[in-house]
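Residue numbers (our numbering), protein chains in the order written: chain A, 233 to 570; chain B, 2 to 346.
Treat the hints as calculated values from the structure; they're not laboratory data. Each residue gets a CB set at the ideal place from its N, CA and C atoms; glycine is no exception. Heads up, some of the hints might be wrong.
Residues from chain A shown here face chain B by an in silico Cβ test under 7 Å; the list is partial [to be verified]: (1) Y241; (2) R244; (3) T245; (4) S246; (5) A247; (6) T285; (7) R286; (8) Q296; (9) I322; (10) E323; (11) Y328; (12) A329; (13) G332; (14) V333; (15) V336; (16) F339.
To spell it out: a stretch of chain B is covered by chain A in this simulated footprint if at least three of its residues, at any positions, have a beta carbon under 8 Å from a beta carbon of chain A; those stretches are [said to hold, decoys possible]: (17) 66-73; (18) 129-138; (19) 285-298.
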Amino acid sequence: MTEFAAVYYDGRTSARTPVRVRRYALAIQIVAEGLRLDVPLAKVRVDPPVGGTRRLLHLPDGAQLQTDDDAAVEALFPSTRAFEGWIHLIERRWPYALAGVAVVAAFAWWCIVDGLPRAAKLAAAYVPTAAEAELGEQTLSFVDGKLCHPSKLPAARQEALKGLLARLAAGLDDGHAYRLLPRDCGAIGANAFALPGGPIVITDALVKLARNDDQISAVLAHEIGHVRNRHGLRLALQAAGLAALATALFGDATSITGLVTTLPVAILQNGYSRDLEAEADDYAFQRLKEVRISPKAFADILLLMEKNRARSPGSEAKDYLSTHPATAKRIERALAAR
Amino acid sequence: MEQPSTAQAPAGASAERRYPVEFTARTGEYFRIWIVNLALSVVTLGIYSAWAKVRKRRYFYGHTRINGEGLEYRANPVAILKGRIIAFAAIAVYYAAGHFAPQYQLLLLVPLAIFGPWLLVRSLGFNAYNTAYRNVRFRFDGTYNGCLKIVLLFGWLTFTGILYPYFKHRLVRFVAENHRYGTTRFEVADFKKPFIGAYASAYGFALLLLAFFVASIFMMGRTRTPVLFFLAIVCFYGGLFVIFAYLRARTVNAIWNAVRIGPLRFESALSAGELIQVYLGNLLAIAFTLGLATPWAVVRSMRYRASKTTVVASGPLDGFAQAEAQHVSVAGEEVADFFDIDIAL
Chain A
233 MTEFAAVYYD
243 GRTSARTPVR
253 VRRYALAIQI
263 VAEGLRLDVP
273 LAKVRVDPPV
283 GGTRRLLHLP
293 DGAQLQTDDD
303 AAVEALFPST
313 RAFEGWIHLI
323 ERRWPYALAG
333 VAVVAAFAWW
343 CIVDGLPRAA
353 KLAAAYVPTA
363 AEAELGEQTL
373 SFVDGKLCHP
383 SKLPAARQEA
393 LKGLLARLAA
403 GLDDGHAYRL
413 LPRDCGAIGA
423 NAFALPGGPI
433 VITDALVKLA
443 RNDDQISAVL
453 AHEIGHVRNR
463 HGLRLALQAA
473 GLAALATALF
483 GDATSITGLV
493 TTLPVAILQN
503 GYSRDLEAEA
513 DDYAFQRLKE
523 VRISPKAFAD
533 ILLLMEKNRA
543 RSPGSEAKDY
553 LSTHPATAKR
563 IERALAAR
Chain B
2 MEQPSTAQAP
12 AGASAERRYP
22 VEFTARTGEY
32 FRIWIVNLAL
42 SVVTLGIYSA
52 WAKVRKRRYF
62 YGHTRINGEG
72 LEYRANPVAI
82 LKGRIIAFAA
92 IAVYYAAGHF
102 APQYQLLLLV
112 PLAIFGPWLL
122 VRSLGFNAYN
132 TAYRNVRFRF
142 DGTYNGCLKI
152 VLLFGWLTFT
162 GILYPYFKHR
172 LVRFVAENHR
182 YGTTRFEVAD
192 FKKPFIGAYA
202 SAYGFALLLL
212 AFFVASIFMM
222 GRTRTPVLFF
232 LAIVCFYGGL
242 FVIFAYLRAR
252 TVNAIWNAVR
262 IGPLRFESAL
272 SAGELIQVYL
282 GNLLAIAFTL
292 GLATPWAVVR
302 SMRYRASKTT
312 VVASGPLDGF
322 AQAEAQHVSV
332 AGEEVADFFD
342 IDIAL
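Isolated chain B (complex conformation):
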């Protein structure tokens, strides 16, 4: 199981050891955990949901194994509960403002631009600090200023649409670079090309889809066949689905294949076609079971992701040192969860 110390030889193909990520969660087991925790959350009017979150995470982390050893999630449910209360208040304000004063929607972007980076940094910090492998914690030490700088310098690219991938790429790089495993920094090679390339293909496909949609609407106006309209709608949503899965597969691969942690690197080989199948199956199963298939879908997605991820080590897994203790707040993580800030890491 443990590699010999001779593997400390300089990195080379012969000295590399490959550890496919194992995922040992079982659907039936997770279904019970999911439903029991959901029911308890309902019965306690949501208070228990903090414990539910921690238990579900601990289950999945523990069943995600590298070289036979699982990840560990250490968050304190009480801290999460406090974060949720803060998050709840913030969301109430956000929704109220959006719903009843929609003319100020644009103004809401200002606090989002200032507050968003704070959320991101806090949430990443909390998650990293509470994740451990082999009893060594991860860390995130990106600063608010660093994140704000990226948002202010490149955030406006979002409105150009076509240049948005560059902003996203800068943001992802910021996130990845500022992670540590113990004291060992994540090094991130340049992944601009495959990352932006994925978006370029997706944009191209989206344009084709739009052209097809417009053409079929036009045709429908001429031939007056509602069937064609229905078909066009189905194709449109199907196309969006395909684009989403494609982007997900390509960007995740691009990012993870660029990350190094000391002697470790990653191989992520998600296939867009397979991911589409996974997502489509999940979608249908959840829809037809009125949500009861949710745990099956979650386990299935994670199993697929794990099966396509390998840790490649050119040195021992033994040599990572723990960093000094640090205090991390939970509010950011919870608010970010609600606003669904996805950074694809």
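So that you can see chain A by itself, here it is in the shape it has in the complex:
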């Protein structure tokens, strides 16, 4: 017969009564001065154990027993038979914890590398192009005035540039309204970027940097690749997914995790955009060949842009490409696509 010490609460008040609990065949007996209570074992509901906390036994009518005698409770009501008792067993052993680390790390890794980009691509298919265009217009109104100003190129030149885009976008029929927006954006130098839905901004500096129109066409084809594959939207979706993932995995340490995740998210976004660049490059090579422009033009303009960037103040001029293998690789791919 086992007997153990516990504290009894009658369920009506917070008064505590230290008691002895005795076990009989089909019942437990709770004994203290002026108290003798028999409770059938079947009427006792035992909370599954959780690491080092006091064991709780719920009795009929809201009464309760609390005890530190884990062994006695286990002898009476073996928790291993219950689902959470089994969990408790795993929680107590380090090898399982290490396995847990492996599972979580593998899952996080898979999400980042494969799952999120895939999910974003799938989800993007459900976003109507009109909503995407709205997103693009909003970004544009932010860019205009703050970052960029109307182009200072002659009107005839601007028309010619629009003609280049029209030639590339002719017959694509993918629901996007491609239009060229020449802009003078001092801070970002020779550059071009596409906004969701079709607006493509090209800076005066880039137009002046290019040696011929084919090089500009090459850049525009790349930007069409971004729009066509809905990269802006997908990046936004991936960012939302990353934040949700970080909260789901590490959200316990509330309030500070927001700050912690900012940096890794920024780094990962950088990695994502590299993948998307490659995707846009591939599209550009294919489209250029369709309109009979050599992808070499793309390699040429990339090289020009890199050299130009290397000369700008604040960065080192020497051998830029060796420190930026990503660009070197893109040039290589363009040359190989010829």
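Got chain A; can you put chain B on it based on the hints?
Then chain B, alone, in the frame of chain A:
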């Protein structure tokens, strides 16, 4: 351990007994619980996460002890799972609306103003009902109407910025006043002064920070040194961090020092400086371990909080009566969790 019945004498310094809150959780133990439950949640595609939540809470509640006796968390995981499913649907709608129709973002405030109080009341009700100490449950009986009235009367102060602390103070008071331990109501003394004072100091500091930031940007434009820009950014984020920790310490102290439950009152003595250290350590540890230090950080924050909290009793802990049973829904608690409605209690 148990105080003598003579302590029932009228409240006075001599009859008071002090019970420092003990926190007996251990980092290694919690790490295993955390990672095993997280891994199981992943493997079951999130279904197990309801059980994970209950186990983690039960661990922390059980290890938070007053006079040697732990708190108890009684929520049913199945109820939480149902709540999560509802929450998930609501969040999907919210995000979709925010993401793809941002022009309607302001319109979303209308359902939030109507739905928000409901969430708050439900979630507090669920949490209180499922929390017990010495086998007596807590309760929350604030009503939807009461909460809605505060939101409608004072919610707009949020947009003035400077008057927001008054709204927050009204909300916190509503939350605190409507809690019960068994049948005993929480009484809340006036904490307006220290609470709003904390915000006033924080606002002052924020203004200084902003001035500093603008000045350094201006200086940078003149001297063209990017190092200065980097420094300014670091200082800015560091400053926000300090403000956050300061506000947290002061407001928590202000609230808890004003609460009485029958013969019990609380002493909360969080120090802003110490809290900054705790948060900063947590932040760095989590960042450098790619999240693995999360359990360490959680245990550390809770241990600090407990170490600065004392329950002062001018009467016995024995005399609290259980209230009648009541039905409480879980949906509110889960949705509120997702939207991160923090009421600092």
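Checked hints:
| no. | hint | in the structure |
| --- | --- | --- |
| 1 | Y241 | holds, 3 Å |
| 2 | R244 | holds, 5 Å |
| 3 | T245 | holds, 5 Å |
| 4 | S246 | holds, 4 Å |
| 5 | A247 | holds, 4 Å |
| 6 | T285 | holds, 3 Å |
| 7 | R286 | holds, 6 Å |
| 8 | Q296 | holds, 4 Å |
| 9 | I322 | holds, 5 Å |
| 10 | E323 | holds, 5 Å |
| 11 | Y328 | holds, 6 Å |
| 12 | A329 | holds, 4 Å |
| 13 | G332 | holds, 4 Å |
| 14 | V333 | holds, 6 Å |
| 15 | V336 | holds, 5 Å |
| 16 | F339 | holds, 5 Å |
| 17 | 66-73 | holds (count 3) |
| 18 | 129-138 | holds (count 4) |
| 19 | 285-298 | holds (count 8) |
Hint check: no violations occur; every hint is consistent with the structure.
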